[in-house]
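Position one of the sequence shown corresponds to residue 759 (the numbering used here), numbered consecutively onward.
Check before you lean on any hint, since a few could be wrong.
Claimed, not checked - Using C-beta positions, here's what the derived DEER-type ranges look like:
# : residue 1 : residue 2 : range
1 : N970      : K847      : 27 to 35 Å
2 : K1224     : N1452     : 43 to 51 Å
3 : S835      : K995      : 46 to 54 Å
4 : A1327     : N1352     : 54 to 62 Å
5 : G1028     : D1389     : 49 to 57 Å
6 : I887      : E1309     : 28 to 36 Å
7 : E1423     : I1354     : 36 to 44 Å
8 : Q1207     : N1452     : 50 to 58 Å
What the hints assert, rightly or not - Within a straight-line C-alpha distance of at most 20 Å, the following computed SDA-like cross-link-like pairs (lysine to any residue) qualify:
#  : residue 1 : residue 2
9  : K1050     : Q871
10 : K1381     : E1398
11 : K1071     : K1010
12 : K846      : K882
13 : K1273     : P1031
14 : K962      : F998
15 : K1234     : K1261
16 : K1444     : K1050
17 : K1090     : E992
18 : K1010     : E971
19 : K1011     : K846
20 : K1273     : D1305
21 : K891      : A926
22 : K1042     : K1072
To be clear, the hints were calculated from the coordinates, so they are not data collected in a lab.
We treat Cβ as the ideally placed atom computed from N, Cα and C, and that holds for glycine.
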Amino acid sequence: MIQIIKYFFCTLTIYCCQLTLVAQQNKIDSLLILIKTDNVDTNKLNHLHNLIIEYSKIGSYELVMSYANSKLQLSNSIIEKTTVPQIKKVAQESKANSFNKIGFMYKIQGNYQEALKNYFEALKIFEVIGNKKNIAASYNNIGNVYYAQGNYPEALKNHFASLKLSEAIDDKGGIARSYNNIGNIYDSQGNYAEALKNHFTSLKIKEVIGDNEGIAASYGNIGSVNANHRNYPEALKHYFASLKLSETIENKKGIAANYNNIGTVYEAQGNYPEALKNHFASLKIKESMGDKAGIAGSYGNIGKVFTKQKNTKKAEEYLNKSIELSKIFGYKEWLKNAYKELTYLDSANGNFKEAYENHKLHILYRDSLDNEETRKKTVQSQMTYDFEKKEAETQAEQDKKDVIAKEELKQKEQQRNYFVIGFALVGLLALFILRGYKQKQKANFIITQQKGEVEKSKHIIEEKNKDITDSINYAKRIQWAMLPHRLDIWKAFPQSFVLFKPKDIVSGDIYFFNKNSHAAFIAAADCTGHGVPGAFMSMIGAGKLNDAVSESSDTSEILSLLNKGIKTALKQTDGEQSTRDGMDIALCAVDTENRIIKYAGANRPLWIIRNGKAEVEEIRATKSAIGGLTDNNQHFSTHELKLLPGDTFYICTDGFADQFGGHTEKKLMTKKFKEMLLDIQGISMKEQEQYLNNFIENWKAGTEQVDDILVIGIRL
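Build the full structure now, drawing on both the sequences and the hints.
Quick look at the structure:
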């Protein structure tokens, strides 16, 4: 009976799909007849527009391109022939929309040069006819092409231009699309907090306006951010929500993207059969759509799964397919990923020469996508947008005040005229009343003047406070941009966490990461002070630490160079007028392959918890700070330690242990902190980070945070 019911519903589903396809084909046939028979050119433009929409729904992109070109030719013909302004404007908008559609088709084929050419043509027309909504949409289209090319600064520049214009005309759909696209760029650069912030803002707007296709895209993007953050349950939850909605609205592109994303999560979880099943489902849809960029990405993802299954033949086949297609169309992201997987594959098979060559190509494409210059330009675009938005709000507020001032002046002029008329009528009899009125008016004026001065002073103070806070927030973005990418740390130490909680907006604590051919360097540093003074010291310290690591791979020598660099930068001497600022630091150079750690510290120790042991092994630091009164030739001792699989080590600043709280509102203390680390050895490093964060928040329980907090944990 159950089999009969299943058969019935399956047959019903197929029948309904067939009815939908038949209905779409009937509509297409009707439009083709109208195009041939209608004598009015503007009507033909509408028929062509509707026909392009129908062919887009069923993924017939070659026909979409063909009819978009026909629509472009007809639009040009109408513009040349007509003298009626209204008809000419309709034809110009149709021409611009045709350029947009052609640009989109070139984009999904991977021909980015032609895509940009057509999108810029569309933008030019919309600017001439003053269509602000479509100008904003064109900026978004151009930004998406730059994003696909890996040119993140140009992409962000165009998306912020689109956002600014959409906000000016209150176009909710355009605002949501811009936040979505900005979130994608931050996600690609590893700035997950900003990525989620922008994607959730976009989702909220799309839910208000009922944009189901956009809601599905936002679910998928939020899933991707969580996947990159290794929060796989949350990622799958959003991917499946996006897939379900995409299937409901029959969005092929969205369905393909979600199958791809779900496959990637299953691959990360080690469920390779499910990963391949979803990647092949995604590939099939992309091939039917002619989505060259998507096809190249799917080839790479399938090759990656076969690599992990040690199926060398299949892995090489699909990775080389991805490289071949990506080279034709310039897909840097896919080239970077494919060469990385070939490096692993060749190394596993003993082909070390090929592995080295592929690794060089991986680094080349990786650095072309994400380097210090692109990060700085990204921060600059965000700050420019924030500044211009604030400036516009300030100007609007000033305009409002000017209108109020003019109205008050007009009222005062009217009062003066009434007074003159009244004086003429009353004359000498009103002299005594007038004298009393003037005295009262004078007193009121003095009171009003004093009140106005107080209000003005209060307003100035509030504005100054706001300006200071805004400036510090800008400084926070710069400081975060200078910190190492968490993704880089996770690549070197998959089982690790960085708990970073500044006391104020900016921090005097910093974490440092650098990887070279000798080792992976990781450090936790506590600079003098916190807030803005601490942030200044942290920026100086980070720069000098980078310089020291570039000069030496010996941890003792690195700290000695750092000490000299800080003292030189701050012009520190033995004189009383010299500054005493500096830093405490724990620095580790880790040979991950052999599990050897070389540690040197200035007032900050290294803690090691051996696998299965119930004690914290402490390696003490040299009792001297970096900078300040420290001698120029101060030596910092290096300790070399051998760790076994499952051993964990921690470096931190003193902020966690020094935090006041609990029932007695006393310090947590180092002893209790160590006991806590022993208690949580049975859980993963990601769970340890969450536990420590929740504990310190509950421990504070309303008590002010006394210092910046930084804890780094790594399990080998």
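Here is what the structure says about each hint:
1. For N970 and K847, the hinted distance range of 27 to 35 Å is satisfied, since their beta carbons lie about 31 Å from each other.
2. With their beta carbons about 32 Å apart, K1224 and N1452 fall outside the hinted range of 43 to 51 Å.
3. At roughly 52 Å, the beta-carbon separation of S835 and K995 lies within the given 46 to 54 Å, and the hint holds.
4. For the pair A1327 and N1352, the beta carbons lie near 35 Å from each other, so the given range of 54 to 62 Å is not met.
5. At about 53 Å, the beta-carbon gap between G1028 and D1389 stays in the expected band of 49 to 57 Å.
6. Look at I887 against E1309: about 60 Å separates their beta carbons, and that is not inside 28 to 36 Å.
7. Between E1423 and I1354 the C-beta distance comes to about 43 Å, which sits within the given range of 36 to 44 Å.
8. Between Q1207 and N1452 the beta carbon distance is about 55 Å. The supplied range of 50 to 58 Å therefore holds.
9. For the suggested pair K1050 and Q871, the alpha carbons sit about 15 Å apart, so the restraint of at most 20 Å is met.
10. Between K1381 and E1398, the direct Cα distance comes to roughly 18 Å. Compliance with the 20 Å bound is thereby established for this hinted pair.
11. Between K1071 and K1010, the direct Cα distance comes to roughly 31 Å. Violation of the 20 Å bound is thereby established for this hinted pair.
12. Among the hinted pairs, K846 with K882 is consistent with the structure: their alpha-carbon atoms are about 16 Å apart, no more than 20 Å.
13. Distance restraint check for K1273 and P1031: the Cα-Cα separation of roughly 34 Å exceeds the 20 Å cut-off, and the hinted pair is therefore not satisfied.
14. With a C-alpha separation of about 19 Å, the suggested pair K962 and F998 falls inside the 20 Å cut-off, and the hint holds.
15. For the hint linking K1234 to K1261, the alpha-carbon distance of about 12 Å falls within 20 Å, and the restraint holds.
16. For a cut-off of 20 Å, the pair hint linking K1444 to K1050 is broken: about 37 Å separates their Cα positions.
17. A hinted pair counts as satisfied when its Cα atoms are at most 20 Å apart, and K1090 with E992 does not qualify at roughly 28 Å.
18. Using a Cα cut-off of 20 Å, the hinted pair K1010 and E971 holds, with the two alpha carbons roughly 11 Å apart.
19. Restraint check for K1011 and K846: the C-alpha separation of about 34 Å exceeds 20 Å, so the hint is violated.
20. Taken as a hint, the K1273 and D1305 pair is honoured in the structure, with Cα atoms around 14 Å apart against an allowance of 20 Å.
21. For the hint linking K891 to A926, the alpha-carbon distance of about 10 Å falls within 20 Å, and the restraint holds.
22. A distance of roughly 17 Å separates the Cα atoms of K1042 and K1072; the hinted pair therefore holds under the 20 Å criterion.
Checked against the numbered hints given earlier, the structure breaks hints 2, 4, 6, 11, 13, 16, 17 and 19 and satisfies all the rest.
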